[in-house]
Amino acid sequence: MKDVTPLGQKAPVVAADLSFSGLVQRRSGEDIHSCFYCQKCTAGCPTAFVMDYKPAQLLRMIQLGQRERVLGSKAIWMCIGCEACGTRCPNDIRLAPVMDMLRQMAIDEGYAPETAIYSLHRSFLDSIRLWGRMHEVTMLAEFKTRELLTEFPVFFQGLLGDAKLGAGLLLNGKLSFIPDRIKRMEQIKALYEEAAGASSQETEVSG
Amino acid sequence: MSTATKYTYYPGCTSETTAVEFGRSTEAVCEALGVELIELDDWNCCGASSAHTLDHELAMALPGRNVALAQEGGLDMVIPCPACYQHCRDADIKMREDQAWREKMERILDFRYQGEARPRHLLEVLSNDLDEDELQEKVVKPLEGLKVASYYGCVLVRPPELTGWDDPEHPVTMDRLMAVLGTEVIDWSYKVDCCGASMTLARGDIVAELSTKIIEGAAEAGADCIVSACGMCEINLDTRQAPESGKKMPIFYLTELMALALGLPNVEKWLRRHAVDPRPLLRERGLL
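Protein sequence lines correspond, in order, to chains C and H. Each residue of the first sequence is one higher than the one before, starting from 1 at the first, in this note's numbering. Each residue of the second sequence is one higher than the one before, starting from 208 at the first, in this note's numbering.
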């Protein structure tokens with residue numbers, strides 16, 4: 001009901017990239033073209049209130065080849081992957097993997113991500129790369145450092161609340177300074193290298 | 208009780224840290240119910256929301272390694288965290304259906320995919336593999352008078368093509384378990400609304416809004432407390448709630464309430480670690 005933004009203003013048909021919808025469809029495996037804009041996804045989306053384009057609008061924009069607006073949108077970073085949209089879609093479009101794919105494309109094509117969200121997830125993946133498991137303390141240290149370097153004011157605004165939360169967790173014995181490192185780290189390394197996708201690395205791993 | 212009482216156990220990263228009570232209470236409850244959990248040796252992080260957000264291939268490869276490690280035992284995997292469960296399930300399906308991917312993973316990780324170690328969520332195993340009457344017999348302290356809102360959250364029952372063991376809009380498995388324990392199960396509207404946990408560090412503002420809506424919804428329906436089957440939801444609701452009334456609501460893990468009803472030791476030790484102390488409520492109801 002809140003989604004009353006005139007669609008024409010938000011998603012003008014300019015510079016259409018007609019290959020875009022096919023590309024998204026192929027890479028995500030979801031039938032983007034079957035969306036008939038019932039907006040059920042938007043209605044049930046818990047984070048639609050912080051999105052610049054709502055989920056249904058994004059789908060329509062993909063259909064219309066609005067590559068730059070879609071990949072440069074804030075909305076793709078605000079999706080939490082809760083799968084409410086995909087569960088309710090009458091045309092069985094699972095939007096969460098589409099959002100995953102759009103973020104991937106945005107990173108590959110150099111669009112600026114939502115800094116805090118990007119930094120957090122990057123720090124999380126770096127923690128796994130180091131230990132094989134997620135270690136909160138090193139993950140948070142990297143995240144806060146990234147925040148300090150990229151979003152100076154946000155770092156200080158968040159510091160007090162984060163320190164309070166962290167202190168509470170420490171007091172309750174829920175944070176450990178010592179990471180839990182797995183044994184076969186070479187396998188984790190191999191998976192990261194494979195994901196990085198360089199063919200030379202692939203040859204090396206397969207030996 | 209069914210014959211399948213032995214499982215591979217994938218605890219997940221938070222079971223040692225932010226959701227340590229969930230890990231310990233899961234192990235204690237399973238032991239008391241004769242469910243044998245054999246921890247998966249050398250398991251790794253499933254990649255959680257982060258791999259999904261930034262790297263599609265890692266999102267399949269990281270949980271894929273856990274599925275790979277579980278093949279040798281050939282037992283179903285019990286997973287307490289819904290996100291770990293969803294990712295391992297996704298990875299298992301990918302290996303089952305995509306031959307090229309399976310061969311690539313088998314080459315990198317040096318294993319053979321058998322397809323027998325099914326990733327399953329703890330709630331589903333407790334609901335489907337245990338006999339309700341036998342569980343009822345083991346309840347020594349019925350949790351009478353405790354008004355509980357069962358909270359499923361997002362990916363425990365969604366999307367249905369991955370989960371499929373409960374209704375994605377109106378799930379009931381946890382409600383049934385809670386009823387067996389003797390609690391008064393509350394009907395409410397926010398069972399499957401997302402609490403936003405994966406954004407809790409990056410965007411605490413959004414998460415506070417989502418979590419508070421869930422807390423207020425439970426309070427409005429007349430619940431004393433919320434019960435969760437997710438390490439992320441529990442800590443998120445526990446630490447991020449800011450209800451307008453100022454009255455904070457205790458959040459329990461499913462297995463903590465089970466342990467309490469089964470008369471197991473250590474329950475107070477776990478409850479002490481919650482941000483919103485649930486002990487006054489339990490004392491008030493004469494349950495502690």
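Quick caveat, the hints were computed from the structure, so don't treat them as lab data. There could be a bad hint or two in this list.
Some, not all, of what chain H presents toward chain C, calculated at C-beta under 10 Å [claimed, not checked]:
1. LEU240
2. GLY241
3. ALA258
4. THR260
5. ASP262
6. ARG319
7. ALA404
8. LYS420
Below are the DSS-like pairs computed for lysine-lysine, each with C-alpha atoms no more than 25 Å apart in a straight line [as the list claims (entries may be wrong)]:
9. H/LYS476 <-> H/LYS345
10. H/LYS455 <-> H/LYS420
11. C/LYS164 <-> H/LYS454
12. H/LYS454 <-> C/LYS183
13. H/LYS354 <-> H/LYS213
14. H/LYS454 <-> H/LYS301
15. C/LYS189 <-> H/LYS354
16. H/LYS476 <-> C/LYS164
17. H/LYS301 <-> C/LYS189
Think of the CB as a built atom: it goes at the ideal place given N, C-alpha and C, for glycine as much as any other residue.
Quick rundown of the hints versus the structure:
no.: 1; hint: LEU240; verdict: 26 Å, violated
no.: 2; hint: GLY241; verdict: 29 Å, violated
no.: 3; hint: ALA258; verdict: 6 Å, holds
no.: 4; hint: THR260; verdict: 5 Å, holds
no.: 5; hint: ASP262; verdict: 6 Å, holds
no.: 6; hint: ARG319; verdict: 16 Å, violated
no.: 7; hint: ALA404; verdict: 8 Å, holds
no.: 8; hint: LYS420; verdict: 9 Å, holds
no.: 9; hint: H/LYS476 <-> H/LYS345; verdict: 22 Å, holds
no.: 10; hint: H/LYS455 <-> H/LYS420; verdict: 12 Å, holds
no.: 11; hint: C/LYS164 <-> H/LYS454; verdict: 20 Å, holds
no.: 12; hint: H/LYS454 <-> C/LYS183; verdict: 46 Å, violated
no.: 13; hint: H/LYS354 <-> H/LYS213; verdict: 33 Å, violated
no.: 14; hint: H/LYS454 <-> H/LYS301; verdict: 45 Å, violated
no.: 15; hint: C/LYS189 <-> H/LYS354; verdict: 48 Å, violated
no.: 16; hint: H/LYS476 <-> C/LYS164; verdict: 22 Å, holds
no.: 17; hint: H/LYS301 <-> C/LYS189; verdict: 21 Å, holds
In this structure, the earlier hints numbered 1, 2, 6, 12, 13, 14, 15 are contradicted, and the remaining ones agree with it.
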